[in-house]
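J.: Dock chains C and Z against chain A, hints included.
One-letter residues, chain by chain:
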Amino acid sequence: MNGVAAPDCRRFLARSSFIELAARERARAILDVDTFRELVGPFDRCKSPWLPLQGIVAQADDGVVLARGTLDGRPALVAAIESAYQGGSIGEVSGAKIAGALELALKDCEHGRPVLPLLLLETGGVRLQEANLGLAAIAEIHAVIIALRRHVPVVGVVAGMVGCFGGMSMAAALCSRLIVTRQARLGMNGPEVIEQEAGVAELDSSDRALIWSLIGGEQRHAVGLADDLVEDDAAAIAAAVRDAFALGPPLVERSAQVDYLVKRLACIDPQRPPDAIALRRLWREGAVN
Amino acid sequence: MSTQQSPSERGRIWFEALTGGAGVVEHTPQSVRVADAVLGGEQTRYLAVVADTHNRFARARQGELGLDEACALAVHVRRTIGADRQRARRPIVAIVDVVSQAYGRYEELFGIHLACAAAADAYASARLAGHPVIALIVGKAMSGAFLAHGYQANRILALDSPEVMVHAMGKQAAARVTRRSVAELEGLGETITPMAYDIRSYARLGLLHKLIEGVNADAPGQTDVERVRVELLAAIADARAGTPELASRLASSAACQTRAASSEVRRRLAEQWDAA
Amino acid sequence: MRMEKIELDYPAGQAVRRRVHVGVVGSGDLEVLLEPSPDRRAHVLITTSVDGYGVIWKHVLDRFFERFEGAVSIEINDFGATPGVVMLRLEQAAEALRA
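Protein chains in written order, with the working numbering: chain A, 457 to 745; chain C, 153 to 428; chain Z, 398 to 496.
So here's chain A without its partners, still in its complex pose (with noise of 0.2 Å):
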């Protein structure tokens, strides 16, 4: 091996996947040594009320971690979906603890205690089994995020395998800084629901060269809809975090900048839409003004 080759191959084997990770020991990575302390875990036993109705074993926290702690010695609360669980997908118990965490939170900041939010998005979005539930605890989640940003960063990472999907990737889109992988993928529908309904054709879910391509972490951060392409590294991506946090609030938040949303749609014309990789030209810094 050359001089050049030893060092890489020492941070290589020194990398700790993240991905690797289940939800609590990702919360508990990424937040300051010792300082983990989780709320509604699995000895409090709130369960879906709907899933043993069906014959779906409840897992005890039902796919969601919450813990608070600190990051660089500033309080903070994480919410960590397990995507091994029901695939991340949203209940009516996972939804409420995201949203009635993030509600605390933002009452502690209303009262001069701030609480920085992370959320670890790994999700395909609302439990079908739990549908109208699901999808009333998401928006109690927007609803939060919004309130949130006017105190402090709301700050989330999607970093793979699942990535994130539904109703939770306006979520992602609603934070104020998204931390992506490349092996994340962000987008409204899963590939399998835009074949079912469209036709593979439109899009062929089993060609994951073309879904990366068109929704994965590189090309997100490509074309500004991630902020920060990290790699899968628990301590990358702890340090990530806190970078995020340590820039504040943007200027103006992603989801609010409508003008420069719509000039971006403006420049393209769907009768000859440019491919992944011209978007990223024609999205670039600079070339929509």
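All the pointers check out, no bait thrown in.
Take a look, some chain A residues computed to stay more than 10 Å from chain Z by CB distance:
id: 1; residue: 526
id: 2; residue: 529
id: 3; residue: 664
id: 4; residue: 684
id: 5; residue: 687
id: 6; residue: 691
id: 7; residue: 704
id: 8; residue: 706
id: 9; residue: 708
id: 10; residue: 723
id: 11; residue: 734
Restraint ranges, calculated between C-beta atoms of paired labels, are given here:
id: 12; chain 1: A; residue 1: 531; chain 2: C; residue 2: 210; range: 44 to 52 Å
id: 13; chain 1: C; residue 1: 394; chain 2: Z; residue 2: 402; range: 41 to 49 Å
id: 14; chain 1: A; residue 1: 731; chain 2: C; residue 2: 180; range: 24 to 32 Å
id: 15; chain 1: A; residue 1: 499; chain 2: Z; residue 2: 402; range: 16 to 24 Å
With a straight-line Cα cutoff of 20 Å, these simulated DMTMM-like cross-link-like pairs (lysine to aspartate or glutamate) come out:
id: 16; chain 1: A; residue 1: 503; chain 2: Z; residue 2: 472
id: 17; chain 1: Z; residue 1: 455; chain 2: Z; residue 2: 466
id: 18; chain 1: A; residue 1: 503; chain 2: C; residue 2: 416
id: 19; chain 1: A; residue 1: 503; chain 2: Z; residue 2: 432
id: 20; chain 1: A; residue 1: 563; chain 2: C; residue 2: 416
id: 21; chain 1: A; residue 1: 563; chain 2: C; residue 2: 423
id: 22; chain 1: A; residue 1: 563; chain 2: C; residue 2: 426
If you are wondering where the hints come from, they were derived from the structure by calculation, not from laboratory data.
Here the structure is a predicted model, which is why all the values come from computation and not from measurement.
Ideal Cβ positions, reconstructed from N, Cα and C, are used throughout, including at glycine.
T.: Chains C and Z alone, transformed into the frame defined by chain A:
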């Protein structure tokens, strides 16, 4: 693939009935109707998403909420906020009949998730700025489209009519995704209220301010329109009497039954929030 | 395939002071909640998505309690794990208790 029915006209019909064709804000796209009309002596902004079969995006020609529609909603709601900054905050009525968000490769590539978020952000910001935001569901209120157009309202009203429904995914698509038959899904909805498709089951979740009965949803006459105007005014007054958060959704007696777990979670969170 | 609940009971000696949780109710996996039992016995409540395997569950838990002496209440939420994975999670829980 889903069978192609002709797109619903309910949104357009109710938009024209409530605004009387007055105060229309001319703009593109044609699929988002915006007008300022008088309601109870007060200027009120109405917004509706309607089908435009000539939509420049092919996947949004049947009344779906696409990229342009979501952005247009955001634009016109934010203009309302801006215009009323130093004046009385006019009510904003979202007339909801949206079959879904647009499904397409280019919708995803160009960021429909952000466009929908921008619409939701605009409505929520209007609510927080003191505008009474009312959602009037006259047809379908589905998934991402409803999250963007209506679900950030202070108060949600719905017509009690068979075609009126709120859900996370259409029956055919949901059946395919969950690998069940439509009949099986409908059966589950009979005992599992949040899975049901009909609006009366939705009303039992405690999220609706009012289910408006006895109104002809397809071809409203003068009395039907007057009836709805009265309900809109009552909802606006109720919104103004309360706080701008969405907390009222959990306070209803129906919610105490069907959303008890949601309240229990919040109760425990409050208990555990500060370290013992 | 229907959801099934299985209850098992064992004599136990050692009092236990902590509670631990391991696992995820993912496909082929399970979660284990383990906490001090209210009496001098060990109680196990299993909720599993796959019915008809009561004998195998008893066999696995019998083997676990041959070596584990704690007076614990164990709740298992299972989504089709193999006996090997079940034993792995139980041993993880026991290990976490010792840590």
